[in-house]
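Participant: The residues making up each chain are set out below.
Protein chains: 2
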Amino acid sequence: MTQSTAPATAASGAKPTLNSIAAATGVSRQTVSNVVNDPSRVAEPTRGIVESEIRRVGYRPSAAARQLRTQRSGLLGFRMRAVADGINGSILDRLLHALTERAHERGYAILVFAAADDDAEIAAYDDLRATNALDGFLLTSTNHGDRRSDWLAAQGIPFVAFGRPWGRDDAAHSRDHDWIDIDGGHGTAEAVRALAADGARRIGLIGWPEGSGAGDDRADGFRRACAELGLEGDLIERAEDSFESGQESAERLVGRGAEAIVCVSDSLALGAVARMRALGRHDVMARIIGFDDTPVARAIGISSVDQPIEQAARAMLDLLVHRIEHPQAARTDGPPALLLPTVRRRTVA
Amino acid sequence: MTQSTAPATAASGAKPTLNSIAAATGVSRQTVSNVVNDPSRVAEPTRGIVESEIRRVGYRPSAAARQLRTQRSGLLGFRMRAVADGINGSILDRLLHALTERAHERGYAILVFAAADDDAEIAAYDDLRATNALDGFLLTSTNHGDRRSDWLAAQGIPFVAFGRPWGRDDAAHSRDHDWIDIDGGHGTAEAVRALAADGARRIGLIGWPEGSGAGDDRADGFRRACAELGLEGDLIERAEDSFESGQESAERLVGRGAEAIVCVSDSLALGAVARMRALGRHDVMARIIGFDDTPVARAIGISSVDQPIEQAARAMLDLLVHRIEHPQAARTDGPPALLLPTVRRRTVA
Numbered sequence: 001m002t003q004s005t006a007p008a009t010a011a012s013g014a015k016p017t018l019n020s021i022a023a024a025t026g027v028s029r030q031t032v033s034n035v036v037n038d039p040s041r042v043a044e045p046t047r048g049i050v051e052s053e054i055r056r057v058g059y060r061p062s063a064a065a066r067q068l069r070t071q072r073s074g075l076l077g078f079r080m081r082a083v084a085d086g087i088n089g090s091i092l093d094r095l096l097h098a099l100t101e102r103a104h105e106r107g108y109a110i111l112v113f114a115a116a117d118d119d120a121e122i123a124a125y126d127d128l129r130a131t132n133a134l135d136g137f138l139l140t141s142t143n144h145g146d147r148r149s150d151w152l153a154a155q156g157i158p159f160v161a162f163g164r165p166w167g168r169d170d171a172a173h174s175r176d177h178d179w180i181d182i183d184g185g186h187g188t189a190e191a192v193r194a195l196a197a198d199g200a201r202r203i204g205l206i207g208w209p210e211g212s213g214a215g216d217d218r219a220d221g222f223r224r225a226c227a228e229l230g231l232e233g234d235l236i237e238r239a240e241d242s243f244e245s246g247q248e249s250a251e252r253l254v255g256r257g258a259e260a261i262v263c264v265s266d267s268l269a270l271g272a273v274a275r276m277r278a279l280g281r282h283d284v285m286a287r288i289i290g291f292d293d294t295p296v297a298r299a300i301g302i303s304s305v306d307q308p309i310e311q312a313a314r315a316m317l318d319l320l321v322h323r324i325e326h327p328q329a330a331r332t333d334g335p336p337a338l339l340l341p342t343v344r345r346r347t348v349a
Numbered sequence: 001m002t003q004s005t006a007p008a009t010a011a012s013g014a015k016p017t018l019n020s021i022a023a024a025t026g027v028s029r030q031t032v033s034n035v036v037n038d039p040s041r042v043a044e045p046t047r048g049i050v051e052s053e054i055r056r057v058g059y060r061p062s063a064a065a066r067q068l069r070t071q072r073s074g075l076l077g078f079r080m081r082a083v084a085d086g087i088n089g090s091i092l093d094r095l096l097h098a099l100t101e102r103a104h105e106r107g108y109a110i111l112v113f114a115a116a117d118d119d120a121e122i123a124a125y126d127d128l129r130a131t132n133a134l135d136g137f138l139l140t141s142t143n144h145g146d147r148r149s150d151w152l153a154a155q156g157i158p159f160v161a162f163g164r165p166w167g168r169d170d171a172a173h174s175r176d177h178d179w180i181d182i183d184g185g186h187g188t189a190e191a192v193r194a195l196a197a198d199g200a201r202r203i204g205l206i207g208w209p210e211g212s213g214a215g216d217d218r219a220d221g222f223r224r225a226c227a228e229l230g231l232e233g234d235l236i237e238r239a240e241d242s243f244e245s246g247q248e249s250a251e252r253l254v255g256r257g258a259e260a261i262v263c264v265s266d267s268l269a270l271g272a273v274a275r276m277r278a279l280g281r282h283d284v285m286a287r288i289i290g291f292d293d294t295p296v297a298r299a300i301g302i303s304s305v306d307q308p309i310e311q312a313a314r315a316m317l318d319l320l321v322h323r324i325e326h327p328q329a330a331r332t333d334g335p336p337a338l339l340l341p342t343v344r345r346r347t348v349a
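Protein sequence lines correspond, in order, to chains A and B. Using the numbering used here, read the first sequence as starting at 1 and increasing by one per residue. Using the numbering used here, read the second sequence as starting at 1 and increasing by one per residue.
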């Protein structure tokens with residue numbers, strides 16, 4: 001290996017260390033170590049200052065050194081799902097990107113694997129623990145009566161889910177296992193409030209078929225906001241997630257008198273906008289709000305509910321690393337976290 | 001662990017084995033083993049028949065058994081890049097999904113990691129080999145004078161790149177290292193031919209700024225097809241990849257007399273369609289072809305060049321596994337592969 005291809009960080013001179021970061025930020029080496037290994041122990045603004053310096057100089061803990069010290073592999077498992085064909089398909093991809101970035105900052109890497117269903121995912125956990133000594137798992141797409149979390153808990157394997165334990169009483173406050181989620185119902189409720197503030201009285205919802213945790217949660221938020229504002233809350237069409245469904249459902253909703261439409265995905269919203277344009281209903285077209293704030297919604301100018309996916313990924317990763325590195329800590333010290341989405345308002349071009 | 005959560009395959013009775021698959025397809029156990037471990041050794045139609053049976057019963061080689069036998073980790077490294085903000089951002093995500101699926105079928109898993117730049121990527125190779133004994137690497141976004149491939153080759157570490165060795169003489173036939181790529185120039189050439197067959201004579205291109213291997217290749221294909229057909233080949237606008245650039249470049253092209261437009265991405269095509277609609281140029285709007293065949297292009301009805309990403313992923317993964325499992329084989333037995341994209345024709349709604 002020649003010098004010109006030597007591993008990085010040459011640009012900034014010597015390789016950054018805990019000591020160099022401590023010197024640059026005026027804190028102790030132990031404080032820097034805490035920010036790296038257990039950030040919850042360091043208060044703001046110190047934590048923020050040290051974290052920006054860490055990012056600026058590109059410091060990361062040596063995986064080899066950590067492995068020697070801890071006997072851990074530094075690997076976290078993540079099941080890769082099939083590519084979703086809708087324009088919203090990228091939400092789990094965005095999550096994985098952000099998890100990978102945060103894992104890197106914490107000195108871990110992500111192992112992705114395929115599995116046909118939840119049972120195959122459990123079999124893969126077993127196999128990957130045996131072969132590659134994975135330290136923990138990041139679960140997505142939690143469902144009613146999820147067997148994966150039961151199995152992992154029974155084995156004592158650290159894991160954090162993206163998604164509430166649906167189907168348990170009061171899932172939003174359940175501590176049955178560690179999870180991070182985004183409050184979808186808050187998102188649809190905020191969308192209703194934004195449209196009502198704009199003067200709309202008859203607001204419709206294009207939702208997903210009943211029975212999915214996330215879909216039902218978004219429909220609940222819609223109804224809750226309508227009730228608060230004294231609006232009719234049953235202008236609801238439920239459909240599979242697609243552009244075509246968005247077109248058809250939007251036409252049915254305006255047939256039922258809707259003046260504005262909340263959609264649980266940008267695929268549906270894109271279809272709704274196209275159909276309203278085709279029908280010459282520019283009044284309704286200007287009052288459609290999608291979900292996920294995809295690049296397409298931004299390009300076309302569709303208002304959309306923005307999910308704080310990067311923040312969720314960071315919280316998941318930090319919580320999982322905490323469980324791995326502090327196996328004896330009480331689980332009550334890590335409360336469930338429900339992050340709030342916000343509505344990005346735009347005008348359709 | 002209770003029986004109800006036992007690892008999979010309970011539905012079909014006993015767990016599938018090489019023997020059960022051999023019995024079901026009427027071939028020898030060794031043939032099944034060859035299909036699993038070195039498919040190039042088995043001729044069609046036998047290979048296809050055995051592969052469908054393998055998929056049908058969900059067979060996969062035990063990673064633990066393979067690891068014991070081979071002393072390999074079964075892990076392949078893949079650098080995760082930042083989320084691209086355009087609607088084409090998902091092409092590498094699609095590649096990763098398909099690589100993960102194929103790795104699963106071959107008994108491997110993918111380790112994804114973040115890196116700020118190519119030097120940091122090289123540092124990560126070094127680190128990951130030391131800590132997790134990775135068997136090989138899958139490279140993406142090859143560039144002129146790529147240092148990563150030089151470093152890996154010098155270390156004798158197996159790798160396959162998605163992308164030609166740009167900047168070498170005759171990159172499309174270079175055997176400097178193993179690579180798989182999709183022939184982008186063929187894609188733009190096919191787009192020109194499709195528009196010419198439709199009666200267009202003055203065809204424009206919205207390309208990327210000069211200097212990127214993939215971008216220059218697509219511009220070359222455009223010019224080549226124009227020359228073949230006796231059309232003017234310099235109706236070219238170059239722009240950063242965005243919806244807004246697509247709008248502006250399309251307006252400039254029609255100002256220069258373009259009757260039809262080829263775009264090197266669907267983001268650009270979406271912008272071009274929106275601006276032609278706004279200008280009332282429905283004649284041009286119906287003759288715009290994008291690139292990547294994204295879900296949005298399908299939804300809006302934009303014709304687009306479809307890249308065979310799943311096929312590329314399969315070829316990459318199989319070639320890398322071959323290198324790992326046959327370290328002594330001559331490299332000339334694995335020729336570079338340039339896969340051909342096709343144009344999907346549609347009508348804008």
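Just so you know, the hints here were simulated from the structure itself, not pulled from any lab data. Do not rely on the hints blindly, as some may be mistaken.
Distance windows between CB atoms, simulated [to be verified]: (1) A:Arg277 with B:Arg193: 30 to 40 Å; (2) A:Pro45 with B:Gly156: 25 to 35 Å; (3) B:Ala154 with A:His173: 47 to 57 Å; (4) B:Gly167 with A:Gln328: 49 to 59 Å; (5) B:Glu310 with A:Arg56: 48 to 58 Å; (6) B:Arg346 with A:Glu210: 45 to 55 Å; (7) B:Arg175 with A:Ala43: 30 to 40 Å.
Non-contacting residues of chain A with respect to chain B, defined by C-beta distances greater than 12 Å in every case (computed) [to be verified]: (8) Gly26; (9) Glu53; (10) Thr100; (11) Ala124; (12) Glu190; (13) Ala196; (14) Glu259; (15) Thr294.
Which residues of chain B face chain A? A partial, calculated answer using Cβ under 7 Å [stated by the list, open to error]: (16) Ser90; (17) Gly107; (18) Leu111; (19) Phe113; (20) Arg202.
Glycine residues also receive a C-beta, built at the ideal position from the N, C-alpha and C atoms.
Participant: Each of the hints needs a verdict: does it hold here or not?
Facilitator: Results for each hint:
no., hint, result
1, A:Arg277 with B:Arg193: 30 to 40 Å, "32 Å, holds"
2, A:Pro45 with B:Gly156: 25 to 35 Å, "48 Å, violated"
3, B:Ala154 with A:His173: 47 to 57 Å, "56 Å, holds"
4, B:Gly167 with A:Gln328: 49 to 59 Å, "55 Å, holds"
5, B:Glu310 with A:Arg56: 48 to 58 Å, "39 Å, violated"
6, B:Arg346 with A:Glu210: 45 to 55 Å, "33 Å, violated"
7, B:Arg175 with A:Ala43: 30 to 40 Å, "58 Å, violated"
8, Gly26, "25 Å, holds"
9, Glu53, "15 Å, holds"
10, Thr100, "4 Å, violated"
11, Ala124, "8 Å, violated"
12, Glu190, "24 Å, holds"
13, Ala196, "29 Å, holds"
14, Glu259, "24 Å, holds"
15, Thr294, "8 Å, violated"
16, Ser90, "6 Å, holds"
17, Gly107, "10 Å, violated"
18, Leu111, "5 Å, holds"
19, Phe113, "5 Å, holds"
20, Arg202, "27 Å, violated"
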